[in-house]
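In order, the protein sequences belong to chains W and H.
FYI, the numbering for the first sequence is 217 to 584, going by this note's numbering.
FYI, the numbering for the second sequence is 15 to 280, going by this note's numbering.
If you are wondering where the hints come from, they were derived from the structure by calculation, not from laboratory data.
Just so it is clear, CB atoms sit at the ideal spot from N, CA and C, and this is done for glycine as well.
Please note that the accuracy of each hint is not assured.
[Unchecked claim] Interface residues of chain H toward chain W, partial, derived using beta-carbon atoms under 7 Å:
id : residue
1  : P77
2  : L176
3  : T187
4  : V209
5  : Y212
6  : S213
7  : K214
8  : L229
9  : L237
10 : G239
11 : N243
12 : F245
13 : S247
14 : F248
15 : M258
16 : H278
[As the list claims (entries may be wrong)] Just so you have them, the derived chain W footprint on chain H, three or more residues with Cβ under 8 Å:
id : region
17 : 47 to 57
18 : 79 to 90
19 : 97 to 109
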Amino acid sequence: MSEFKNTDVEQFHGVWVFCEQRGGALMPTDLELISEGRKLADELSCELCGVLLGDKVEGIAKELGGYGADKVLVCESPLLKDYTTDAYAKVICDLVEEKKPEVFLIGATNIGRDLGPRLAARLHTGLTADCTHLDVDVNKYIQFLSESSTLDLSKQKFNMEDRNLKMTRPAFGGHLMATIICPRFRPCMSTVRPGVMKKAEFDQKKADACVIEKPAFSLKPEDIKTEVLEIVKAAKQLVDLTGADYVVSVGRGISKDVKRGIELAEELAAVLGGVVGGSRAVIDAGWLSADHQVGQTGKTVHPKIYVALGISGAIQHKAGMQDSECIIAVNKSDTAPIFEVADYGICGDLFKVTPLLIEAIKAAKAAK
Amino acid sequence: MKIIVCVKQVPDTSGKVAVNPDGTLNRASMAAIINPDDKNAVEAALTLKEETGAEVVIVSMGPPPAEGMLREILAMGADRAVLVSGREFGGSDTFATSQIIAAAINTIGVDKEDIILCGRQAIDGDTAQVGPQIAEKLGLPQVSYVAEIKKEGDSLICKRMLEDGYMTIKVKTPCLLTCIKELNTPRYMSVPGIVDCYSKPLEIFDFNKLKDDPLIELDTIGLKGSPTNIFKSFTPPQKGAGMMLEGADKETCQKLAGILAGKHII
């Protein structure tokens, strides 16, 4: 085996996805990243490999194949049962140095954002945080720019042979987008925002064909400098914003009567079959818990219908919801920026409009 | 015992943000503030100082005007500050930034009982990478997303937030923690603090000061030493505004429900 040298760009092959598990269960982000990784591996004509660490987790590995993984590297040890920075970073860095993947994707969860920078610093390579779009193929990237940027593409030059991973992410709270490359070092690493990449259809045949490999690794208790004393699950059921088909969000406009405002949102969400979200102002004021936050610093959603009640539409909020299929905004001010992205706008008092909307949607559904 | 706090001065992106025609940020039009998560790290350090008598040292990398922010933090109660500033450091990505700050922390010195605190992430980049990367460069254990810190002998007991709950993690000093806003409410500058802050030491670390540290080489710092490069930067297009419905009464709502039913999305 040749020595690991991070600048030998040609020596690196394959797309890897870190598949995070908590309590022995895969995270939804794993399936999104495997699906996205499949596309990149096809563009690079290489293998897609999941990396799964834990204790007795081999049983959940095959599922990753159903979303596109050719192979899953499974490392099992009681020392890997719960995530620790030191254990996971050591095992994964050793694997990277041995097997030399070209691209390495990690979900930008609280754990992925702890692990990713540690790995990149140790491997001396680049890491792009919280990506929302990934491309290898230059034609596809140009297509993406033509839809998602205000750049004049006739003035841009592209090298059509470019094989670098082009990693696009929002910056400055979504005011700017930047595409980042890591041309001189491998692997090229990226953390990816949960909820952004689309999960592929599960294919049982592919799952059956997925290869499970259990590489040797070395890990000793003294490698781990932190001790996990306990893991506590939130007592309250957390709202699943990213997976919801209907999201009804409230903003500062409910301040007149917070309780009633949230009740109305819950009622409308129930009629639609969805969940309640909130803008940063609502979370900061403590009116809804943090798991409800939609936006750049909260969650990215793309439901069938997104209803914004009393949300002015700061750019950092829009960054989290503007890809919804249909956006309905109710706001007292007809100049509220939310109307710039809304498919349907109603200028009015949410406390008066929402009950009418609930009745109208109930009636429209009953008439079907 | 020392507590070293890494802070960054950032443009305030919570208000109106101006973008230049070439797609770069118009920084001149925006107020410069202490990064919010870093303020929680400062508060945590000052609280620990009250409990233990530790010295609080603030480190920031940035252009010379960041000195004003450092004086503010000295006025909150920190003991001394270091501004890491130099042309050679400009254009650094998170990797290169962490090399430089780690070298600055090495120069200050990390002793057995010391703690390094960072904010979780800065609001201009939102990467959350520099803290863990500094920890790696210094060979220290890290705990990120910290919402509670308790000191017990030579260890810290930290509440580390997850999306679906939290972990309680025990870590021995020296170590690095990244702090989130749930940790505390930052204090204001005090009047005596403001009087004192100009007599407290504020040192500038430039390239010459740090150049002998093994982490500092011209090909590991600055724009040239950054593994990542910006390929393109652009502003997203505004999604075209849709239809403003007339009125806000029962009829309006019925019309909207009719449209949604017609599109088969309800």
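Inset, instruction - Can you take a look at whether the region 79 to 90 of chain H is actually covered by chain W? Rule is 3+ residues, C-beta closer than 8 Å. - result: violated (count 0)
Inset, instruction - Report holds or violated for the interface hint on P77 (chain H), using the least CB-CB distance to chain W and a cut-off of 7 Å. - result: violated (18 Å)
Legend entry - F245 (chain H) as chain W interface residue, shortest Cβ-Cβ below 7 Å: holds (4 Å)
Legend entry - Per-residue hint verdict: T187 (chain H), partner chain W, C-beta under 7 Å: Interface hint status for T187 (chain H): violated (11 Å vs cutoff 7 Å).
Legend entry - Interface hint compliance - S213 (chain H) to chain W, C-beta minimum distance less than 7 Å: Violated: closest Cβ of chain W sits about 36 Å from S213 (chain H), beyond 7 Å.
Legend entry - Hint validity - L237 (chain H) Cβ closer than 7 Å to any chain W Cβ: violated (13 Å)
Inset, instruction - Let me know if the C-beta of V209 (chain H) comes in closer than 7 Å to any C-beta of chain W, holds or violated. - result: Hint violated; V209 (chain H) Cβ to chain W Cβ min 33 Å, cut 7 Å.
Legend entry - chain W over the region 97 to 109 of chain H, status - at least 3 residues with CB closer than 8 Å: n = 3 at 8 Å, threshold three: holds.
Legend entry - Status of the G239 (chain H) interface restraint (C-beta, 7 Å, chain W): violated (10 Å)
Inset, instruction - Double-check K214 (chain H) for me: the hint is only fine if its C-beta lies closer than 7 Å to a C-beta in chain W. - result: For K214 (chain H), the interface hint is violated, since the closest Cβ of chain W sits about 32 Å away, which is over 7 Å.
Inset, instruction - Using Cβ atoms only, decide whether N243 (chain H) comes closer than 7 Å to chain W, and label the hint accordingly. - result: holds (6 Å)
Legend entry - Residue hint S247 (chain H), partner chain W, criterion CB-CB below 7 Å: This interface hint holds because 4 Å falls under the 7 Å limit.
When each numbered hint is compared with the structure, violations occur for hints 1, 3, 4, 5, 6, 7, 8, 9, 10, 16, 17, 18.
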